[in-house]
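Quick note, the sequences are listed as chains U and B, same order.
Sequential numbering from 1 applies to the first sequence in my numbering.
Sequential numbering from 1 applies to the second sequence in my numbering.
Source of the hints: derived by calculation from the structure; they are not laboratory data.
Just so it is clear, the structure is predicted and the values come from calculations on it, not from any experiment.
Ideal Cβ positions, reconstructed from N, Cα and C, are used throughout, including at glycine.
Check the hints yourself; a few may be wrong.
Here are some, though not all, of the chain U residues that point toward chain B, as calculated from beta-carbon distances under 8 Å [as the list claims (entries may be wrong)]:
#, residue
1, Asp65
2, Glu78
3, Pro94
4, Trp137
Chain B residues, not near chain U, derived (Cβ > 12 Å throughout) [what the hints assert, rightly or not]:
#, residue
5, Arg26
6, Asp40
7, Arg43
8, Met67
9, Leu157
10, His173
11, Glu189
12, Arg202
13, Gly215
14, His218
15, Ala225
16, Phe256
17, Ala300
Protein chains: 2
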Amino acid sequence: MSRPIILGVVGDSATGKTTLTRGIVRLLGNDRVARVCLDDYHRHDRRQRRALGITPLHPECNYMDVMAQHLRLLRGGEAILKPAYRHADGTFGPPVYLEPAPFVIVEGLLGYSSEELRDCFDVRVYLDPPESLRRRWKVARDCSRRGYTTSEVLEELDRREPDAVAHIRPQRHDADVVVRFGAPPGEDESDAVHLDAHLLLRPELPHPDLSDVVGESHERLTLTAAGGEQDLLVPGRLEPATALELEERIWQHMHFASHLRSERLGEFTLGTELMRSDSLAIVQLLVLYHLVTARAKVEAGGPEAATRL
Amino acid sequence: MSRPIILGVVGDSATGKTTLTRGIVRLLGNDRVARVCLDDYHRHDRRQRRALGITPLHPECNYMDVMAQHLRLLRGGEAILKPAYRHADGTFGPPVYLEPAPFVIVEGLLGYSSEELRDCFDVRVYLDPPESLRRRWKVARDCSRRGYTTSEVLEELDRREPDAVAHIRPQRHDADVVVRFGAPPGEDESDAVHLDAHLLLRPELPHPDLSDVVGESHERLTLTAAGGEQDLLVPGRLEPATALELEERIWQHMHFASHLRSERLGEFTLGTELMRSDSLAIVQLLVLYHLVTARAKVEAGGPEAATRL
Numbered sequence: 001m002s003r004p005i006i007l008g009v010v011g012d013s014a015t016g017k018t019t020l021t022r023g024i025v026r027l028l029g030n031d032r033v034a035r036v037c038l039d040d041y042h043r044h045d046r047r048q049r050r051a052l053g054i055t056p057l058h059p060e061c062n063y064m065d066v067m068a069q070h071l072r073l074l075r076g077g078e079a080i081l082k083p084a085y086r087h088a089d090g091t092f093g094p095p096v097y098l099e100p101a102p103f104v105i106v107e108g109l110l111g112y113s114s115e116e117l118r119d120c121f122d123v124r125v126y127l128d129p130p131e132s133l134r135r136r137w138k139v140a141r142d143c144s145r146r147g148y149t150t151s152e153v154l155e156e157l158d159r160r161e162p163d164a165v166a167h168i169r170p171q172r173h174d175a176d177v178v179v180r181f182g183a184p185p186g187e188d189e190s191d192a193v194h195l196d197a198h199l200l201l202r203p204e205l206p207h208p209d210l211s212d213v214v215g216e217s218h219e220r221l222t223l224t225a226a227g228g229e230q231d232l233l234v235p236g237r238l239e240p241a242t243a244l245e246l247e248e249r250i251w252q253h254m255h256f257a258s259h260l261r262s263e264r265l266g267e268f269t270l271g272t273e274l275m276r277s278d279s280l281a282i283v284q285l286l287v288l289y290h291l292v293t294a295r296a297k298v299e300a301g302g303p304e305a306a307t308r309l
Numbered sequence: 001m002s003r004p005i006i007l008g009v010v011g012d013s014a015t016g017k018t019t020l021t022r023g024i025v026r027l028l029g030n031d032r033v034a035r036v037c038l039d040d041y042h043r044h045d046r047r048q049r050r051a052l053g054i055t056p057l058h059p060e061c062n063y064m065d066v067m068a069q070h071l072r073l074l075r076g077g078e079a080i081l082k083p084a085y086r087h088a089d090g091t092f093g094p095p096v097y098l099e100p101a102p103f104v105i106v107e108g109l110l111g112y113s114s115e116e117l118r119d120c121f122d123v124r125v126y127l128d129p130p131e132s133l134r135r136r137w138k139v140a141r142d143c144s145r146r147g148y149t150t151s152e153v154l155e156e157l158d159r160r161e162p163d164a165v166a167h168i169r170p171q172r173h174d175a176d177v178v179v180r181f182g183a184p185p186g187e188d189e190s191d192a193v194h195l196d197a198h199l200l201l202r203p204e205l206p207h208p209d210l211s212d213v214v215g216e217s218h219e220r221l222t223l224t225a226a227g228g229e230q231d232l233l234v235p236g237r238l239e240p241a242t243a244l245e246l247e248e249r250i251w252q253h254m255h256f257a258s259h260l261r262s263e264r265l266g267e268f269t270l271g272t273e274l275m276r277s278d279s280l281a282i283v284q285l286l287v288l289y290h291l292v293t294a295r296a297k298v299e300a301g302g303p304e305a306a307t308r309l
C-alpha cells in the first residue's frame, strides 16, 4: 500500500470540524478512512485540568510530540495505539489500535502549531467562523451532548479566550484552505439556516479553476485573487443550475474519482433535523478534490509520494 | 544524548523478573532508568480475556507490533505514550508518557517472540526457574498482591500451560543469559531460602572471565564450557571471601562504573522480610556489567552505537 493521504481539519472547539468531515468520510467510505481526533492527546483529564487551571487549548495540556509522532507513523504506514479521551465524562478510556488507511482524517485544536505537525499533512483546512456564531454552536452542542449548562459553557469560553488568541487562531495562517461559514448579509445569525462560505485558497495547493462558472453566475458567488491567494464566496443557497455547474466543474478535475459520485454532500443537522447546504457541499467537494488528487499522485509514485505535495 | 541501552528481562509470570531488576535499577539510579512492563501491551482487559477464552501469554492477546514500535522509538531517543495495564483490577488506566533514559529496562512475557522485538535489546536475559518453584512464587504473589485465591491461581496456571509451552518457553533459546534459580541439592524447595543460580552464558555477548576465581574456590561454584556456551553455577550462599572475590572480579571489568559500587545487590523479600542472596547478587552484577559495557561502547561512538553489540 502506498502511504496514506493525511487531511487536517483544525479549528477551535465547535467550529464545525466533524460536520465538515462527516460528508467527506461518507464519500470516501468508512473502510478507506482512519480518523484521529487530537483531543485524545490531552495530557490531563477534565478534573486535573480544573485543578491545574489549564485549558485544553494550551500546548502544554497536550502531548504535542506524541501527536506528531503518531501522525508520522501513520504516514509511514504503521499502526498506532492511540490514547482515547472521552468527552462524555472527561476521562481516558482504554487505548485504541488504529491501522492506517488510504486516507487519514485528523480533527483537532492544535494540529498546525509546530512545523513538525504541519509537515504531517497533505491538505490543511482551518475552520474560522465568526466568534459569535461559534459561541452559539458550542453552547448548543456542549449542553445537548456533553452534559454542561449554558452558563458553564459561556464561562469556559471566557476562560479559554486567552489561549484561543495565543495558540488556536494563529494557525489560520498555516492552512491551505481557510473556511469561514457565516450568515448572509442582512440575515440575523440566530435565524440564518443556509450559511455563506467564505474560502481563502492559498497557492501552496493547486486549486481547480472555477473562474468561468463564477463569472457566468448572476448570484452572489464571487472569486477574487490577490497576492497569489484566491477568495471564493459561496452562498448557502444557490440556484440549482449554478450549484450543479459548480459541482460538475470540480468533479471534472477529478474524473479518476468518479466512482465516488453516488452520495450527497452538504448535509448537516440543526437540532435533530437533517438539513442540506450548498456551500458546505462545495467546501467538502473542494477538500475531496485535494485528497483524491494527492492520492492519485502518491499512487503514481514520483517525488510527491514521500513529500508534501 | 546517545541512544539508550535496552535490557530485556523475559520469563513467564512470577519467575522473578522484578526481583532481578529492582537491585539493578537501585544501582543505576531511578533517574537513569526508564522502565517498561510489556503487560501494558495487553490487547484485552481481564474481563475480555475471560470472555474470549484467551490467555495473556498468547501473542494475539497483545499488541506485538506496537510493543516493538515503542521499543524502537525509545531506542531512537523518542518519548512514547505507553498504555497502562493495572494488575490490581485487570483494566487499563490513562496512558503514561515515558521519556527515554540512558537505560531502558523491559520486563515481559513475550519480549523475544519476534526478530523485530529481539533486535530491540542490547542484553537479553531469560528467567527459567523450575515449574514447581514458579508455581509456588505465583501463588504467593497473586494471592497476597493481586487479590486471587490459591485455587484460582492454580486453575489459571493450568489454563495457561499450553500457551506457556508454545509461546513463552521457546524464548529461552533467544537469550544471552538464561538464569535458573533453584533449591540446592538435597534441600526441599519449600524450605530453601538461599537458592542456587544456574547461568547459561551464550557467546553472543562477551562475558567477563571468572575461571580462576571459580578454579580457586573449594565450594560448589563451578564453570563449564561447551560449544561456545558457558555454564556457571553460583550457590545461594558462598563463603564471604569467595563472594567478595567474585564480585571484585566483575567490578574490575567495569572499573569505569566504579561510582556505582555503593549499594548492596542481592536483596529480595520473603513474605515481608528483607533477605539477601549471594547468587542473586552475582546475577545482577553480571547483568549490570553488560549494561554499563554497552553504555560505554555507545558513548564512545563507533559501530556499536547503532547496532546490537
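Against the structure, the hints come out as follows:
1. Asp65: holds (6 Å)
2. Glu78: Glu78(U) check passes; min Cβ-Cβ to chain B is 6 Å, inside 8 Å.
3. Pro94: Since the shortest Cβ distance to chain B is 4 Å, the answer is holds.
4. Trp137: violated (29 Å)
5. Arg26: The assertion about Arg26(B) holds, with a minimum of 30 Å to chain U.
6. Asp40: violated (10 Å)
7. Arg43: At roughly 7 Å from the nearest Cβ of chain U, Arg43(B) sits no farther out than 12 Å, so the non-interface label is violated.
8. Met67: Not fine: 9 Å to the nearest Cβ puts Met67(B) too close to chain U.
9. Leu157: It holds; Leu157(B) is separated from chain U by about 26 Å at its closest Cβ, greater than 12 Å.
10. His173: holds (28 Å)
11. Glu189: Fine: 39 Å to the nearest Cβ keeps Glu189(B) off the interface.
12. Arg202: The claim holds: Arg202(B) sits with its nearest Cβ about 31 Å from chain U, beyond 12 Å.
13. Gly215: Non-interface label stands for Gly215(B): nearest chain U Cβ at 51 Å, farther than 12 Å.
14. His218: holds (55 Å)
15. Ala225: holds (43 Å)
16. Phe256: holds (33 Å)
17. Ala300: It holds; Ala300(B) is separated from chain U by about 29 Å at its closest Cβ, greater than 12 Å.
In terms of the numbered hints stated before, the structure departs from hints 4, 6, 7 and 8, listed from lowest to highest.
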